[in-house]
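Asker: Taken in order, these protein sequences are the chains called A, B and C. Here the numbering used here is used: the first residue of the first sequence is 1, the next is one more, and so on. Here the numbering used here is used: the first residue of the second sequence is 320, the next is one more, and so on. Here the numbering used here is used: the first residue of the third sequence is 601, the next is one more, and so on.
Since the hints were made in silico from the structure, they are not lab data. Hints are supplied without guarantee of correctness; some may be wrong.
Unchecked claim - In silico DSSO-like links for lysine-lysine, alpha-carbon gap of 30 Å or less:
{"no.": "1", "chain 1": "C", "residue 1": "671", "chain 2": "C", "residue 2": "657"}
{"no.": "2", "chain 1": "C", "residue 1": "921", "chain 2": "B", "residue 2": "454"}
{"no.": "3", "chain 1": "C", "residue 1": "717", "chain 2": "C", "residue 2": "892"}
{"no.": "4", "chain 1": "B", "residue 1": "454", "chain 2": "C", "residue 2": "727"}
{"no.": "5", "chain 1": "C", "residue 1": "657", "chain 2": "C", "residue 2": "870"}
{"no.": "6", "chain 1": "C", "residue 1": "788", "chain 2": "B", "residue 2": "370"}
{"no.": "7", "chain 1": "C", "residue 1": "922", "chain 2": "B", "residue 2": "454"}
{"no.": "8", "chain 1": "B", "residue 1": "455", "chain 2": "C", "residue 2": "788"}
{"no.": "9", "chain 1": "C", "residue 1": "743", "chain 2": "C", "residue 2": "762"}
{"no.": "10", "chain 1": "B", "residue 1": "454", "chain 2": "C", "residue 2": "665"}
Stated by the list, open to error - Derived Cβ-Cβ restraints for the label pairs, each shown as a range:
{"no.": "11", "chain 1": "B", "residue 1": "577", "chain 2": "A", "residue 2": "166", "range": "28 to 38 Å"}
{"no.": "12", "chain 1": "A", "residue 1": "59", "chain 2": "C", "residue 2": "693", "range": "49 to 59 Å"}
{"no.": "13", "chain 1": "C", "residue 1": "889", "chain 2": "A", "residue 2": "169", "range": "46 to 56 Å"}
Heads up, the beta-carbon is just placed ideally off N, CA and C, and yes, glycines get one too.
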Amino acid sequence: MSATIQTGALGRSADAPRPRALLFDRRRRRNAYAAYLFLAPGFLLFALVILYPIARAFQISLYEWSIVPGATSRFLGLENYDRALHDPVFWRSLGNTGFYMAVTVPTQIVLGLAAAVLLDARMPARGLFRALYYLPVITSWVVVSLLFRYLFMTDGGLVNWVLHDGLHVIDHNVQWLGSRWTAMTAISVLGIWKGVGWSMVIFLAALQGVPRELYEAAAVDGAGSWRSFRGITLPTLLPVVAFVTVMLVIGGFNVFISVFLITNGGPLDQTQVLLTYMYRQAFSFLDFGYGSALSFTLTLIVFALSLAQLRIFARRGAA
Amino acid sequence: MVVGSIRRTRALLGVRITLLTAGAVVMVLPFAYMLSTSFKPDRLVLEVPPKFLPSSPTASNYVDAWTSNEFGRYFLNSVIVAGCTTVAAVFLAAMMAYAFARFDFPGRRVLFGLLLLGLMVPAMMLLIPQFLVAKKLLLLDSLFGLIVFYTGGNLALNTFLLRSFFRDIPLELEEAMIVDGAGPWRRFRQLILPLSRPALATVGLFTFLASWDEFAWALTIISDPSKRTLPIAIALFQGQHATSWGLVFAASVIAVAPVIAIFVAFQRQFVSGITAGALKG
Amino acid sequence: MRLARLALLTALVTSVSVFAVTAATAGAGRAGGTTTITFWHAYAENASAPEMQRLTKIVIPRFEKLNPGIKVEQVPFSYSSLQQKLTTSVAGGTLPDVIRADLAWVPQYAKLGAFAKLDQAMPDFQKLAKAVYPGSLATNYYKGHYYGLPLDTNTRVLMYNKDALASAGITSPPTTFDALRAAAPKLKAKGIYLFADGGTGGWNVLPWIWSGGGSLTNKTFTRATGYLNSAKSVAAVQLLVDLYKEGAIPSLITGDAGATGTEDGLATGKYATILDGPWMFPIFRKAYPNFKLQTALVPKGPGGSVSVVGGEDIVMSQSSKKKAAAEQFIRFMLSPWTQTEMAHAGQMPVRADVSKQLTKINSYFGIFAQQLKVARPRTPSPNWPQIDTVLGKAVASAIQGNESTKAALDDAARQIDQLLAG
């Protein structure tokens, strides 16, 4: 038996029949009626709470919006967006958001996969390990942000003490939160620490879905563990990796609470990310028009990126 | 060769456990430190070298945290809001997921696309327009208002995850029920829901956590202090002039404890549900 | 199945009951004949703080006793939460009746028309205005009207750690710019920072600029160029730049969130001096009971010893439907009795007649009262948050050595000119 496997689009062997997903193509109208009934309550709420505000937020971004009800706001067209393009802090916050994503997303995938591979064996306390790795995931962002701010304090913080006094890796206490890249690193470390468990759990389940016979057959053929990993495991996991990547990227762009509570974009707007900068514009400077424009730009970027990722992964999966 | 491979397997297992333990320590260490600091008096919080076992432990931080500003009340508010949101969001999303998973109807793609759009929009961006909607509907300054908006905000992700789970329930089972004359509502109640308990549990846990932790919206629409939720209480401990870390962490421990308890209790359903949703997504 | 039905039922019942409860409590204020006014403030972060105890157990009960028919519902916030709350409430039209607002916020919201013009609304406004410090009163002024009254005042003075100074052979606190320059290397040799502060905004930097003989703007607050970048202002900021460069000021000043705070630093002897306000006394007493806090006037420069006026104003929202009751409460909060009461909790009064017995109430008030005699307010502009940011960034940039002090202040002055016009 060859070491390469034919896999269906959903990570299962192509031999199993693809389940039919829909019912009664014949009785169309009654189906539609039933479907709408099921959809209605949820979708109406969703439209009210999410869709309508999205449209409204875009409307606000086109004005120099006055927050006093009843006052007339000056129409600006796309001026707020143009202002963003010429705003150095906007580009810096875009850069910081990009850095955060570039650091946290691949790391969470690699470490999560590694942990899942390690855990994918019969061993004592497996459930305990899984629970411990998942602990940060279920903890509130508010709590862990304050905690990590405390850990990364220059004098008296645990991180510096471990690195300096414990492991002697650095020769003086690093001022983590005092400058742009060290602070973004600290915030990224928090992001990774908090998220690894999530991808680990997903990868673990995916790994357990790979039939054992495949590995055994590959072993009989003389494939070492690395080759069977590359030839069997990775291709099987591709759709899962795709899903995890898309979700992590969306989450990475939406980073807010950790930056807000740890550095609040400081010092001197060095660690602003898109959402904290938007928040500052809206609630410190009362400029809702500009704030809305910033967040709308963010939405477009995330949307475009997600579509691009899905297309890339679909193409690779088909190959 | 057999003996050699057994030895190899055992050594490999040893390596796995060692590496995993090292990782687990990194995961848990910050929490341990937080717990330890919550028992330290202010003057020892920034002591160098940092101590994991406090030299003069005190429970005063916990007492202060619980008795300040109706903390118990905030705790109860969070329980009510998160609980109701979870029930409502899971149920409504299940209904929507069933429609998307099993039926073909005009506008299906468009409506689902709108749902995905909702997933990608950062909640922060909608703060002001949502506030205006809440004002029109007289939902300001009420726990019910929180529930309504939290539910709406969780629908997209929940529906997305549940839909992929529902699609994998074999059609034959449902078709058998149709032959028996069961309408969609009965099939939903008697077949789909029971079969998807793990997925529902997962989605429920996600929703519960999101509501328990939400900060910006609660701060915006709640004015009456008796209606505040926990995240606001914890943020209140960050003072204008100085931060008492012991107090902050004591409050945090109180806030995190129930979440951990729930997770530990429902771990199995939760894990199997989350992975099912992800794998079929 | 039963699960679904149960779920639906639970959701329905719970939401109905929650709705009912919240609706009931919302209506409580209108019960038979009593008017309830809401009062938002940021007195303290938790209910056990002395200000909160005074307010809820002594002050408000007395007001309600003297004014049967009016109930006061006080809502505490943290400082930054209150600011965000005000913004969203103006947008939604849900402001409370009375607010204790930081005086730096008043012009911003006055411009939006959110606060009532007290000089028109209150018949006895002139009488009240005469009884308070003119400097504090001025913080409520915007385009021809007064939008509030001062409620409490404070300022920054020099606070120092006697033992830390002594260990470097310095027996008396540095009270002049020159003394600071001389003390810095001695303290550095002992590993102690001379001076620490938490930022470079107006609140932090203006005492230095004013004591140095410079200023942010001209007297009518219309122009910054020629004032912020005058030789004296530049020299004052240069003092901070030089001290930072020789390692006498920690990175906390440029916004390093990981640096040790001023409170912890001063008490543990890491920092020799800080500038801070009267609230630090109860804070130190609780967190560092063995530390003896010493105070002195702001270090003297070519312009004297000039500090910055802080404090809160009490305002009434324009949209309030209970203006008569709200005014009654404002009147009460400004009465000699209330001002004395809150003084016991560390809130410095704004009434000149009460201030005469200040030191009898809290001995540490003495130095603040003395400093307040020549303290100045920050620029009363609706764009103050932006101006503050521009100033803060410029000074921090100079401190970090990114540009020369003159260039940084030149650029800032230009930007502030435009903001002052708006």
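Asker: Next, verify each hint and record whether it holds.
Answerer: How the hints compare with the structure:
no.	hint	result
1	671(C) to 657(C)	14 Å, holds
2	921(C) to 454(B)	18 Å, holds
3	717(C) to 892(C)	44 Å, violated
4	454(B) to 727(C)	39 Å, violated
5	657(C) to 870(C)	39 Å, violated
6	788(C) to 370(B)	28 Å, holds
7	922(C) to 454(B)	20 Å, holds
8	455(B) to 788(C)	61 Å, violated
9	743(C) to 762(C)	47 Å, violated
10	454(B) to 665(C)	34 Å, violated
11	577(B) to 166(A): 28 to 38 Å	34 Å, holds
12	59(A) to 693(C): 49 to 59 Å	19 Å, violated
13	889(C) to 169(A): 46 to 56 Å	37 Å, violated
Of the numbered hints given earlier, the model fails hints 3, 4, 5, 8, 9, 10, 12 and 13; all others are met.
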